[in-house]
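2 protein chains.
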Amino acid sequence: MDEFDLIRRITPKKTHQRSLVMGIGDDASVYQPHSHCEEVVCVDTMVEHVHFRFDFSTPFEVGFKALAVNVSDIAAMGGTPKYYLVSIAIPPHGDEAIVTALYEGMKALADTYHMDLIGGDTVATRSDFVITVTVIGEVPKGTACYRHSAQTGDVVFVTGELGSSAAGLSLLMHEVDPVMAVDPAFFLERHKMPQPHIAAGHICSSFPRVTLNDVSDGLASELNEIAEASHVTLEIEADKLPVHADLPLLRKEWLEWVLFGGEDFVLTGTIPEADWENFENQCKEKGIQVTRIGQVKHEQAASVILKEHDQQTTLRKKGYNHFKK
Amino acid sequence: MDEFDLIRRITPKKTHQRSLVMGIGDDASVYQPHSHCEEVVCVDTMVEHVHFRFDFSTPFEVGFKALAVNVSDIAAMGGTPKYYLVSIAIPPHGDEAIVTALYEGMKALADTYHMDLIGGDTVATRSDFVITVTVIGEVPKGTACYRHSAQTGDVVFVTGELGSSAAGLSLLMHEVDPVMAVDPAFFLERHKMPQPHIAAGHICSSFPRVTLNDVSDGLASELNEIAEASHVTLEIEADKLPVHADLPLLRKEWLEWVLFGGEDFVLTGTIPEADWENFENQCKEKGIQVTRIGQVKHEQAASVILKEHDQQTTLRKKGYNHFKK
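So the sequences go chain by chain: A and B. When you line the first sequence up against the UniProt record's numbering, it's residues 1 to 325, in that order. When you line the second sequence up against the UniProt record's numbering, it's residues 1 to 325, in that order.
These aren't lab readings, by the way, just hints derived from the structure by calculation. Don't take each hint at face value.
No distinction is drawn between identical chains; accordingly, a pair holds when it is met within one copy or between any pair of copies.
Said to hold, decoys possible - Here are the computed lysine-lysine pairs in the DSS-like style, where the Cα-Cα straight-line distance is at most 30 Å:
{"no.": "1", "residue 1": "K318", "residue 2": "K13"}
{"no.": "2", "residue 1": "K13", "residue 2": "K240"}
{"no.": "3", "residue 1": "K13", "residue 2": "K192"}
{"no.": "4", "residue 1": "K107", "residue 2": "K307"}
{"no.": "5", "residue 1": "K141", "residue 2": "K14"}
{"no.": "6", "residue 1": "K252", "residue 2": "K240"}
{"no.": "7", "residue 1": "K141", "residue 2": "K107"}
{"no.": "8", "residue 1": "K318", "residue 2": "K252"}
{"no.": "9", "residue 1": "K317", "residue 2": "K13"}
{"no.": "10", "residue 1": "K14", "residue 2": "K284"}
{"no.": "11", "residue 1": "K252", "residue 2": "K307"}
{"no.": "12", "residue 1": "K13", "residue 2": "K252"}
{"no.": "13", "residue 1": "K240", "residue 2": "K286"}
{"no.": "14", "residue 1": "K317", "residue 2": "K14"}
{"no.": "15", "residue 1": "K318", "residue 2": "K141"}
Model, not experiment: these values are computed from the prediction.
Can you make the complete structure from the sequences, with help from the hints?
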């Protein structure tokens with residue numbers, strides 16, 4: 001594989017962002033930030049056989065997801081993604097068709113958000129693909145949604161449905177029987193090509209005090225991060241957690257997927273009770289599913305409680321801990 | 001190795017940049033760009049056994065270099081580095097001490113430039129370390145140094161000395177005899193811990209029409225990129241190329257190192273003849289070695305010519321091509 005050829009092939013023919021001064025083709029890219037905005041930056045790496053497998057996902061899907069997980073981090077700040085940089089370590093089994101398809105998968109998502117590829121590196125490695133994506137976005141000054149501002153009485157919410165990605169992975173691993181679901185392809189799609197919730201993030205950042213996380217590591221983990229950063233207790237109700245109708249048909253312990261599965265890339269967070277109705281209406285107007293799943297209870301306790309029937313369970317980041325009644 | 005522990009250990013205790021709004025600890029970092037500046041961004045990956053070996057370099061040195069190669073790209077735009085993000089894929093043989101030392105090596109260089117670590121990812125891999133560093137810098141609006149503005153009559157220059165890094169690598173590979181050099185450690189240092197030429201880049205960007213590249217792939221390669229982007233011929237003189245006094249003692253074909261060795265991370269480029277004296281004086285005042293090595297000759301030819309005695313040789317990116325007399 002000729003690196004210069006490859007770079008020529010993946011270099012965008014046209015760019016979207018008018019503030020881009022110099023794209024790929026010099027030592028670094030140059031862009032003019034918007035003066036009323038702050039810059040939002042994140043990076044995430046996906047490793048073959050650790051985060052993805054080419055017998056589960058096509059190279060196009062892997063590329064799409066490698067960018068999606070980063071765009072989702074921008075969504076979780078209430079931001080708008082603008083640019084991305086891609087570094088790929090290519091093993092001996094990585095031919096040009098795979099690499100090209102990885103970039104095409106990224107481009108498919110990037111075009112949705114008018115994002116430009118502005119840099120990267122392609123290097124050789126000895127065993128597995130390693131794909132690192134950096135995304136740069138922006139958010140109007142002072143409106144980014146952090147984790148530390150939740151207060152007693154706030155509503156806990158989630159955008160979209162939970163557990164679908166984990167169900168998709170279980171289907172791919174043959175751990176559950178696809179015949180139980182009306183539409184098993186739905187879950188596979190959610191696992192392989194997650195859709196970042198940028199539009200929902202925008203609504204969140206238009207409110208003055210919203211905490212926000214994207215559900216990458218699992219709902220329990222994300223809510224614990226908000227609880228810790230805000231020094232509050234979040235109480236959520238099991239029967240309020242939004243799931244696809246087929247999910248409970250696939251597995252008796254489906255709540256495991258919902259709480260700890262992760263990779264749903266929906267958003268979860270808190271918003272003042274006084275803003276909830278307006279927030280819910282704005283989401284509805286945009287066709288965004290948003291569900292009230294609980295409430296912020298006590299300050300300075302930093303925990304997440306699951307209410308199920310008459311039982312209360314403390315949710316750790318990675319599992320249950322049944323010491324409360 | 002516990003990821004949360006590791007993140008806690010590498011998260012900076014204090015930050016330098018006052019424009020940083022939110023550093024490590026949320027879904028993404030947020031900073032306020034300076035309104036009179038453009039943002040400059042690049043990413044580079046180093047792979048164990050491809051770009052570095054722990055029997056040649058300590059983890060601290062590898063970390064230092066992984067950041068240095070990116071900071072050098074910012075220097076080559078005339079910019080100032082501000083932030084960096086680090087993604088490390090860690091193989092089974094990568095213990096906590098190695099990973100910590102990698103970050104310390106980066107921090108040593110970062111502190112020199114008051115750069116803040118604002119994000120990253122640590123993941124597992126099966127065979128080799130893969131270190132991807134993203135650097136974000138800034139440059140006053142409209143002053144970035146690109147490759148495309150060289151014109152007939154311009155001076156071709158280089159900051160610092162050439163070939164030292166390649167000599168250091170040859171010493172490490174036991175290809176040459178260290179006893180020939182007065183100070184072999186000098187060359188090893190240049191290979192293992194290259195110093196980016198940020199201050200030289202600043203002087204370059206203060207002049208209205210400077211082309212600039214950092215010497216990562218070799219002088220011949222960098223000058224060819226400028227020749228291609230500017231549609232000009234660059235003519236350089238072999239006996240003007242600045243080298244360390246010991247370099248010619250190490251190897252008869254030392255000019256190979258100078259022209260094609262790369263990884264010197266000095267800057268090379270062009271500047272109008274009328275600006276040369278002023279430019280040279282400003283460099284001298286700052287203690288920066290700058291050498292006039294040639295001239296821009298004909299427009300629209302896009303080649304690099306080496307004059308050596310009475311012979312002219314066309315320099316390709318990766319080697320000589322003796323078809324000119």
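Now for the hints, and whether the structure bears them out:
For the homomeric pair K318 and K13, the shortest alpha-carbon distance between copies (27 Å) is at most 30 Å, but the shortest distance inside one copy (44 Å) is not. Proximity of K13 to K240 under the C-alpha cut-off of 30 Å is found in neither arrangement, the shortest distances being 47 Å within a copy and 40 Å between copies. In this assembly of identical chains, K13 and K192 lie within 30 Å of each other by CA distance solely inside one copy; the values are 27 Å within and 37 Å between copies. Taking CA atoms no more than 30 Å apart as the test, K107 paired with K307 passes in neither setting, with 42 Å inside one copy and 45 Å between copies.
For the identical chains of this complex, K141 and K14 are neighbours both inside a copy (29 Å) and across copies (23 Å), given an alpha-carbon limit of 30 Å. In the homo-oligomer, the alpha carbons of K252 and K240 lie at most 30 Å apart inside one protomer (18 Å), although the nearest pairing across protomers, at 77 Å, exceeds that limit. For a Cα distance limit of 30 Å, the shortest separation of K141 from K107 qualifies both inside one copy, at 28 Å, and across copies, at 29 Å. Taking the closest pair of Cα atoms, K318 and K252 come within 30 Å of each other only inside a single copy of the chain (19 Å); across copies the shortest separation is 62 Å, beyond that limit.
Proximity of K317 to K13 under the C-alpha cut-off of 30 Å is restricted to the inter-copy arrangement: shortest distance 25 Å between copies versus 44 Å within a copy. Taking the closest pair of Cα atoms, K14 and K284 never come within 30 Å of each other, the shortest separation being 35 Å inside a single copy and 42 Å across copies. Taking the shortest alpha-carbon separations for K252 and K307, only the intra-copy value of 18 Å comes in at or below 30 Å, while the best inter-copy value is 78 Å. Taking the shortest alpha-carbon separations for K13 and K252, neither the intra-copy value of 50 Å nor the inter-copy value of 46 Å comes in at or below 30 Å.
In this assembly of identical chains, the alpha carbons of K240 and K286 lie at most 30 Å apart only when taken from the same copy (22 Å versus 66 Å across copies). Within a single copy, K317 and K14 get their C-alpha atoms only as close as 43 Å, which misses the 30 Å cut-off; across copies the closest is 27 Å, which meets it. With identical chains, the CA atoms of K318 and K141 are never at most 30 Å apart, being 34 Å at best within one copy and 47 Å at best between copies.
Figure legend: structure checked against the earlier numbered hints; hints not met, in rising order: 2, 4, 10, 12, 15.
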